[in-house]
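Asker: Each chain, letter by letter, is given below.
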Amino acid sequence: MIHLKFEKRLEQSRYSFVGVLVLSIVLALLFGALLLAYAGANPFVAYAEMAKSAFYSDWKETLVKATPLIFTGLSVTVAFRMRFWNIGAEGQLVVGGLAAAGAALFLPEIVTLPESPWVWIPIMMTASILAGALWALIPALLKAFLGVNEIITTLMFNYIAIFYYQFLYTDAWKDPAGRGFPGSARIPSFTKLPRFTGRVHLGIVIAVIAAILIWVIMSKTRQGYEFRLIGENPTAARYAGVNLFRNIILVMILSGGMAGLAGFSEISGVSFKLQQGLAVGYGFTGIIVAWLARLNPFGVILVALLLAGLLVGGDELQMSMQLPAAVGEVLQGMILLFVLGADIFTRYRLRVVQPPVALTSGD
Amino acid sequence: MPDTSAPIAVEMRGITKRFPGVLANHKVDFAVRVGEIHALLGENGAGKSTLMSVLCGLYQQDEGKILLAQKRELSPVQIHSPSDAFDLGIGMIHQHFKLIPTQTVAENMILGLKDTPFNLQMTAIENRIRDLADRYRLEVDPRAYIWQLSVGERQRVEILKVLYRGANILILDEPTAVLTPQEADELGAVMRNMASEGKALIFISHKLDEIMAFADRVTVLRSGENVATVEVSNSSKTELAQLMVGRPVLFTIEKPPSQLGDVVVAMEKVSALNDKGLPALDNVSLEIRSGEIVGIAGVAGNGQRELAEVVTGLRPTTTGRITIRNRDMTHQPPYQFIQQGVAHVPGDRLGMGLAGNLPVSDNMIMKSYNREPISSGIFLRNQMIRTFAQNLVKAFQVLTPNLETPARNLSGGNQQKAILAREITAGKNLTKGDEPPFLVTVYPTRGLDVGAIETVRRELLEQRAQGVAILLISEQLDELLALSDRIAVLHGGEIMGIVDAAEADIEHLGLMMAGELHI
Numbered sequence: 002m003i004h005l006k007f008e009k010r011l012e013q014s015r016y017s018f019v020g021v022l023v024l025s026i027v028l029a030l031l032f033g034a035l036l037l038a039y040a041g042a043n044p045f046v047a048y049a050e051m052a053k054s055a056f057y058s059d060w061k062e063t064l065v066k067a068t069p070l071i072f073t074g075l076s077v078t079v080a081f082r083m084r085f086w087n088i089g090a091e092g093q094l095v096v097g098g099l100a101a102a103g104a105a106l107f108l109p110e111i112v113t114l115p116e117s118p119w120v121w122i123p124i125m126m127t128a129s130i131l132a133g134a135l136w137a138l139i140p141a142l143l144k145a146f147l148g149v150n151e152i153i154t155t156l157m158f159n160y161i162a163i164f165y166y167q168f169l170y171t172d173a174w175k176d177p178a179g180r181g182f183p184g185s186a187r188i189p190s191f192t193k194l195p196r197f198t199g200r201v202h203l204g205i206v207i208a209v210i211a212a213i214l215i216w217v218i219m220s221k222t223r224q225g226y227e228f229r230l231i232g233e234n235p236t237a238a239r240y241a242g243v244n245l246f247r248n249i250i251l252v253m254i255l256s257g258g259m260a261g262l263a264g265f266s267e268i269s270g271v272s273f274k275l276q277q278g279l280a281v282g283y284g285f286t287g288i289i290v291a292w293l294a295r296l297n298p299f300g301v302i303l304v305a306l307l308l309a310g311l312l313v314g315g316d317e318l319q320m321s322m323q324l325p326a327a328v329g330e331v332l333q334g335m336i337l338l339f340v341l342g343a344d345i346f347t348r349y350r351l352r353v354v355q356p357p358v359a360l361t362s363g364d
Numbered sequence: 072m073p074d075t076s077a078p079i080a081v082e083m084r085g086i087t088k089r090f091p092g093v094l095a096n097h098k099v100d101f102a103v104r105v106g107e108i109h110a111l112l113g114e115n116g117a118g119k120s121t122l123m124s125v126l127c128g129l130y131q132q133d134e135g136k137i138l139l140a141q142k143r144e145l146s147p148v149q150i151h152s153p154s155d156a157f158d159l160g161i162g163m164i165h166q167h168f169k170l171i172p173t174q175t176v177a178e179n180m181i182l183g184l185k186d187t188p189f190n191l192q193m194t195a196i197e198n199r200i201r202d203l204a205d206r207y208r209l210e211v212d213p214r215a216y217i218w219q220l221s222v223g224e225r226q227r228v229e230i231l232k233v234l235y236r237g238a239n240i241l242i243l244d245e246p247t248a249v250l251t252p253q254e255a256d257e258l259g260a261v262m263r264n265m266a267s268e269g270k271a272l273i274f275i276s277h278k279l280d281e282i283m284a285f286a287d288r289v290t291v292l293r294s295g296e297n298v299a300t301v302e303v304s305n306s307s308k309t310e311l312a313q314l315m316v317g318r319p320v321l322f323t324i325e326k327p328p329s330q331l332g333d334v335v336v337a338m339e340k341v342s343a344l345n346d347k348g349l350p351a352l353d354n355v356s357l358e359i360r361s362g363e364i365v366g367i368a369g370v371a372g373n374g375q376r377e378l379a380e381v382v383t384g385l386r387p388t389t390t391g392r393i394t395i396r397n398r399d400m401t402h403q404p405p406y407q408f409i410q411q412g413v414a415h416v417p418g419d420r421l422g423m424g425l426a427g428n429l430p431v432s433d434n435m436i437m438k439s440y441n442r443e444p445i446s447s448g449i450f451l452r453n454q455m456i457r458t459f460a461q462n463l464v465k466a467f468q469v470l471t472p473n474l475e476t477p478a479r480n481l482s483g484g485n486q487q488k489a490i491l492a493r494e495i496t497a498g499k500n501l502t503k504g505d506e507p508p509f510l511v512t513v514y515p516t517r518g519l520d521v522g523a524i525e526t527v528r529r530e531l532l533e534q535r536a537q538g539v540a541i542l543l544i545s546e547q548l549d550e551l552l553a554l555s556d557r558i559a560v561l562h563g564g565e566i567m568g569i570v571d572a573a574e575a576d577i578e579h580l581g582l583m584m585a586g587e588l589h590i
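Protein sequence lines, in the order shown, are assigned to chains D and W.
If you want my numbering, it's the position in the first sequence, counting the first as 1, plus 1.
If you want my numbering, it's the position in the second sequence, counting the first as 1, plus 71.
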């Protein structure tokens, strides 16, 4: 009889993860093909359509969708590096968007400042970072002082943020001149992010700068060292004199701030007003982005582009082949599942064990 | 005397076991006779546990075979799983007990047995336990709850459990590690008893004294190979140590007379709680001077860990005062203790002392990352980190492939050397010339091989000579006697007495460790 046995790898190969990722994508595409075939489509044609749309004909849209995903991916990366399970990027994105929209809609009436993007963009960015950070700070404080499980609190805070935002755009901040359509008034032109081509806006550049900044903080500073140490071994960190409370609060401000920026870039770069469509799951997808990128800020950029491509490709399937747009999200989910499932191969190797000799009795 | 012509109970022939990149066992021959206590001796990583794991069915050998005495004949057997081993009468007594504290001895005994009837006849089971206990002189009340028992008694339950299941071959994995000297002697008698009742005992240890006292024969493993199997009566401690290490080992360690300086650390009536919120330290008062090693003796779990954490600021005190060089440090955070030159070699290397997944270099800067020259402003200086880590690795002869290797991949001895290097250096760097640092070491040689133990002990004495105040918590009395100037005995969180190491008497220390003597 042949046995299969898992044996622990002594050294984890740096590249084994890339192999696992590629394998997972291939497997997800194969399983996706079964679903597409079941839905009555030719999987090869469908995939070709998706790829063409995502990375050729609609590449601009892919960049637009990648922008918030980079921000939320970074948000989750920062927190997860410290093993702080912030799954509240969605809510933090929403309050960041609210703060940006609020600043753009109401501040010009209160304070007199030059009507220039050079003044107003930084104000809106600051507002959204502060709002996202504050939203993340409450669960952080609860965790630091009372040991409350951050997974529950950050998750629940999403719903508070989302429903409050729905109240705002359907009621309190609803545009009286909007002919009954839910949504706020449009933000002034000097609060909009400049666009390059199509809907591609400056946000993508800010997102890349943010990724570089996060990378510098994480790998080049004392603060990043403390985050890493806490993430790897909180007991050792405390033993090294690291103040855990301070770090929990700092990491959540950074993480919440990044998610807040995602909200800002959607308001100021894409929708120009508060309306339905801000809370479409970029915060949750950010968790997938961060995980697939192995919490590497530059990996976040690449994975965000890939997942954005799947979203755009899914939309294309709906339009050209009358297939559900959710195909893109189904593929996203399957890639993550396969990556998680295959992760065991980066830590263990599978060995075929054959019994050395046949059983004989007597000696 | 054991019968040298007694039949073989189990034989392992030419066992080879490979792990990726490691040859854990190489053509090992090993045989145990009926009625024999056979010690398995070797340094860490010599392949003792692997060999026994093969015998217990946890691993399968790549080459070689296992022969077992069945119906008076040796026949080859396949052991694919621990339950196969169990069916063949091979039982292991693990170092860490696997007992359920809230159940009785009898309930623990039948836990996991396949043929337990639905309608439990507890009286019959209890009677059978009493019979076994009488026969092997393992006195224990079958109706007692595990939580009521002492560590020594729990170990007896573990042994009984294996006997109850009908084992003829018993493997004891470092059984004395958790026992007082008296309890260890009792265990020796029990083992002898079992052997005379026809059991074959395999006794894993790296304590030479015990092997000399308890075993009939000893097999020495080195680098995965069997270097010798000898009769204990024809051998000596020196010979065994040489076989184990591959070179002559000195047992006596030169300890120069102490040059005592000022008091560095003073604890006044300090009390503290353990992780469960129960009292762990009870009015502990202790002073350590510059150039002095104060040893803490005690059975594990009597407040040693809490003591180390309290004097390093990691655990809050409930009452009492801690001063370092006359500065009140009570209720200060760990960071302030570190700034005062308090260095700490913790007992749990990978649990507290190192971040196992981070590279060696990151681990080396744990106590100096926030100071010049390792960092400047908010930034780390990578070149400085490399130089700093490289210097420590060189100075303390830490064997590591490179500075990027994750710390957990180092051997236990090298992990310990890395921690020592970091802590000693940090203690020095954070104090001014005339301020002696304070070094807390918890089980500094636990799990290390003879060579590494020597290095660590020498380094501690070297630090003492340089005026460092040292608190040495150890479970090995010979280590405490060899290194300490004074020995304090902890029992139930209370100091039972402080004695001069030069005049200390092992019997007395043992009684204090058991809580039966208070001076």
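Just to be clear, a hint being listed does not mean it is correct.
[As the list claims (entries may be wrong)] Estimated spans, in silico, between C-beta atoms of each pair:
1) D:Pro177 x W:Phe450: 51 to 59 Å
2) D:Arg84 x W:Gln219: 36 to 44 Å
3) D:Asp344 x W:Thr476: 20 to 28 Å
4) D:Ala40 x W:Pro188: 33 to 41 Å
5) D:Arg247 x W:Gln547: 34 to 42 Å
6) W:His589 x D:Gly148: 53 to 61 Å
7) D:Arg247 x W:Val222: 36 to 44 Å
8) W:Gln219 x D:Asn244: 36 to 44 Å
9) W:Gly422 x D:Asn244: 14 to 22 Å
Hints in this document: simulated from the structure, not taken from any laboratory.
The beta carbon of each residue, even a glycine, is placed where N, CA and C say it ideally should be.
Asker: Next step is simple, just say for each hint if it's right about the structure.
Answerer: Cross-check of the supplied hints:
Separated by about 52 Å at the C-beta atoms, Pro177 (chain D) and Phe450 (chain W) satisfy the suggested range of 51 to 59 Å. Checked against the given bound of 36 to 44 Å, the beta carbons of Arg84 (chain D) and Gln219 (chain W), roughly 38 Å apart, stay inside it. Here the CB-CB span from Asp344 (chain D) to Thr476 (chain W) is close to 22 Å, well matched to the stated 20 to 28 Å. In this structure the supplied range 33 to 41 Å is violated for Ala40 (chain D) paired with Pro188 (chain W), their Cβ-Cβ distance being about 57 Å.
A beta carbon spacing of about 40 Å between Arg247 (chain D) and Gln547 (chain W) agrees with the range 34 to 42 Å that was offered as a hint. At roughly 39 Å, the beta-carbon separation of His589 (chain W) and Gly148 (chain D) lies outside the given 53 to 61 Å, and the hint is violated. Range check, Arg247 (chain D) to Val222 (chain W): Cβ separation about 40 Å, and the 36 to 44 Å hint holds. Judged by the Cβ atoms, the range 36 to 44 Å given for Gln219 (chain W) and Asn244 (chain D) holds: they are separated by roughly 41 Å.
Our hint of 14 to 22 Å for Gly422 (chain W) and Asn244 (chain D) holds, since their Cβ atoms are close to 20 Å apart.
Of the numbered hints given earlier, the model fails hints 4, 6; all others are met.
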